[in-house]
Amino acid sequence: MIKRTPLILGSKTYKDITDDICELVENWPPLRYFAGLMSAKFLFLFFILAQGAIVFKGMGLMGVNHPVGWGTDIVTFVFWIGIGHAGTLISAILFLFRQKWRTSIARTAEAMTVFAVMTAGLFPVLHTGRPWLAYWLLPYPNQRGPLWVNFRSPLVWDVFAVSTYATVSIVFWYIGMVPDLATIRDRAKNPWRKRIYGALSLGWRGTARNWNHYEMVYMLLAGLSTPLVLSVHSIVSFDFAVASLPGWHTTIFPPYFVAGAIFSGFAMVVTLMTIVRILVPKFKDYITLDHMEAMNKIIMATGMMVGYAYGSEFFIAWYSGVEYEQYAFLNRAFGPMAWSYWIMVTCNVFIPQVFWFKAVRRSIPLMFVVSIFVNIGMWFERFVITVTSLHRDFLPANWGEFHFTIFDAGALFGSFGLFLTLFLLYIRALPAISIAEVKPVLTYGKDGGHDGH
Amino acid sequence: MGIESLIEKISDKGQEGFAGIWEDEHQFVEAARKTREAGVEGFEAISPFPLHGIDEAMGIPRSFIPWVTFFAGLTGCAFGLWFTWWTSAVDWPIIIAGKPMWSLPAFIPVVFELTILFGALSSVGALIAICGLPKVEPPVIDATLSSHRFALFVPKKAKGFDQQKLTDLFKQSGATEVKETRF
Chain U
335 MIKRTPLILG SKTYKDITDD ICELVENWPP LRYFAGLMSA KFLFLFFILA QGAIVFKGMG
395 LMGVNHPVGW GTDIVTFVFW IGIGHAGTLI SAILFLFRQK WRTSIARTAE AMTVFAVMTA
455 GLFPVLHTGR PWLAYWLLPY PNQRGPLWVN FRSPLVWDVF AVSTYATVSI VFWYIGMVPD
515 LATIRDRAKN PWRKRIYGAL SLGWRGTARN WNHYEMVYML LAGLSTPLVL SVHSIVSFDF
575 AVASLPGWHT TIFPPYFVAG AIFSGFAMVV TLMTIVRILV PKFKDYITLD HMEAMNKIIM
635 ATGMMVGYAY GSEFFIAWYS GVEYEQYAFL NRAFGPMAWS YWIMVTCNVF IPQVFWFKAV
695 RRSIPLMFVV SIFVNIGMWF ERFVITVTSL HRDFLPANWG EFHFTIFDAG ALFGSFGLFL
755 TLFLLYIRAL PAISIAEVKP VLTYGKDGGH DGH
Chain L
557 MGIESLIEKI SDKGQEGFAG IWEDEHQFVE AARKTREAGV EGFEAISPFP LHGIDEAMGI
617 PRSFIPWVTF FAGLTGCAFG LWFTWWTSAV DWPIIIAGKP MWSLPAFIPV VFELTILFGA
677 LSSVGALIAI CGLPKVEPPV IDATLSSHRF ALFVPKKAKG FDQQKLTDLF KQSGATEVKE
737 TRF
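In order, the protein sequence lines correspond to chains U and L.
For the first sequence, the positions run 335 to 787 when my numbering is used.
For the second sequence, the positions run 557 to 739 when my numbering is used.
I should point out that these hints are in silico values taken from the structure, not numbers from a laboratory.
Owing to the predicted nature of the structure, the values given are computational and were not obtained by experimental measurement.
Treat the hints with care, as some may be off.
With a straight-line cut-off of 30 Å between C-alpha atoms, the simulated DSSO-like cross-links for lysine-lysine are [unchecked claim]:
1. K349(U) - K691(L)
2. K569(L) - K349(U)
3. K528(U) - K735(L)
4. K434(U) - K346(U)
5. K528(U) - K375(U)
6. K346(U) - K631(U)
7. K565(L) - K528(U)
8. K528(U) - K618(U)
9. K523(U) - K565(L)
Estimated spans, in silico, between C-beta atoms of each pair [said to hold, decoys possible]:
10. T680(U) - W623(L): 50 to 60 Å
11. I650(U) - I652(L): 26 to 36 Å
12. I652(L) - F368(U): 50 to 60 Å
13. R592(L) - I336(U): 35 to 45 Å
Here a beta-carbon is modelled for each residue, glycine too, at the ideal position from N, C-alpha and C.
Given only the sequences and the hints, what does the whole structure look like? Please build it.
Okay, structure coming up:
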């Protein structure tokens, strides 16, 4: 019989699990945690400065102009929404597929989803140039008729998709955390900690009747999140695909965007899990090399899927016989912005091929480097789709360049500061591994395990 | 009124009863089965994580929440269809890109998202309502029950409550601690 590898290393008892996971919540964190938090906050300042200036002065500070009307804000929005998708894939889809290895990374992956969607959501709102009127995106009774939103527009679909995704992800994440918050409440010595976590846990008591309903709701939320996550990036791709612009108007976009989202999201999970393993060495027993290796395999598989999509787009452009379509793709690969296209192909298709080698799949430093390249590559993929399609279309009047400004840079790099600040605060304040979920898989793959089926 | 007295006033006092505490989950599930077979009704089994077989041991039926999800999802779907139709074709019809007033295919994404949103939020709402949450500072039998130990709690008002019988039953089935408590 093939031996199963244990999901949790070391010989641990239930109490050890509770102690390990609560450690960072209950104790003063190590110095390197503060170094990380300060760096993240410093980066976050650039976001505040750049976006503050843009809101104060206007969108002219960014690189968008005629003909490239969608720039860094939209590119980065799609990038962050895509990052979120891997979290839902791990927490919901792998749950439905009974992949037990997901349990110890699901909480943090779901947190990544929540923070990535929060970061993403700011960008289209700021891109409107008048974020204080963002509520116009929603259909609400108003004194202009009432004038309703145009439900035939993919941009309105996006408002519904992203806000539903954010709501359901936050609820799923929070409901998953309720029993663990009760654990921290019960362990708390400090009366204020007891009170705060007690309120957050809603007074959860863990009776068999409650668990019965709880497990059902968890499964239902996983079942609802699965079509939801696939719909969200499909709808994001409709923002492009429904337009008649060459390079955007393709039917391959929904699956291509979803595969790309999972690809970039898993790379971000690997990046973050490496950081978590460094910050909390005890978590190495829970987030094991086997977990990292499994994720690297998914990165390579989805990387080849996007590689296939790149090739397919070229083939269809040629096969369609439409010269504008053909030109759009030749222009991407050999035009003035060919550098961005080849960065994308190198980072997304070629570099992940190193994961054919087991030694690379299991090497933390190497996988960290590859995951960063994938993140870069996937940002450039959205850049290629958005900017290179817009910068030359049917008419000579619509030919121009995109000029990336320092404010674009501030918004882009600063958004990582926002994301990492939220993530590091989460690691400190909330249980980063699901305490209640890893206990049932404790004996998995170990001798004498009861639940190893 | 101070915050302390306010919390005291609204906090959950629970009810009096008798509890046994176990270290091993398999003995615990077995004990729950025996307690039920001894004719005790309305007792609670408290565990730090969901246990295999406890539902069968205690005779807990399958959760009915999927029905809530189903009907809430249908409601969301119906609301989405009605709302997109009413706003686009009735309240202020505007011709956009030569499309029909009621452009069903274009409305499907919004209808779908509302189906999911209603289904998800109602399921969670149902969970919170059924579990009687939120509870303000409910009594806790033992702080380890959310970490690594398991407890059965029989309220004094429960059918078949007999403290002496329960003490014997709990101890025989491996309980390491028995006590009178509130929950």
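Hint numbers the structure violates, sorted upward?
-> none
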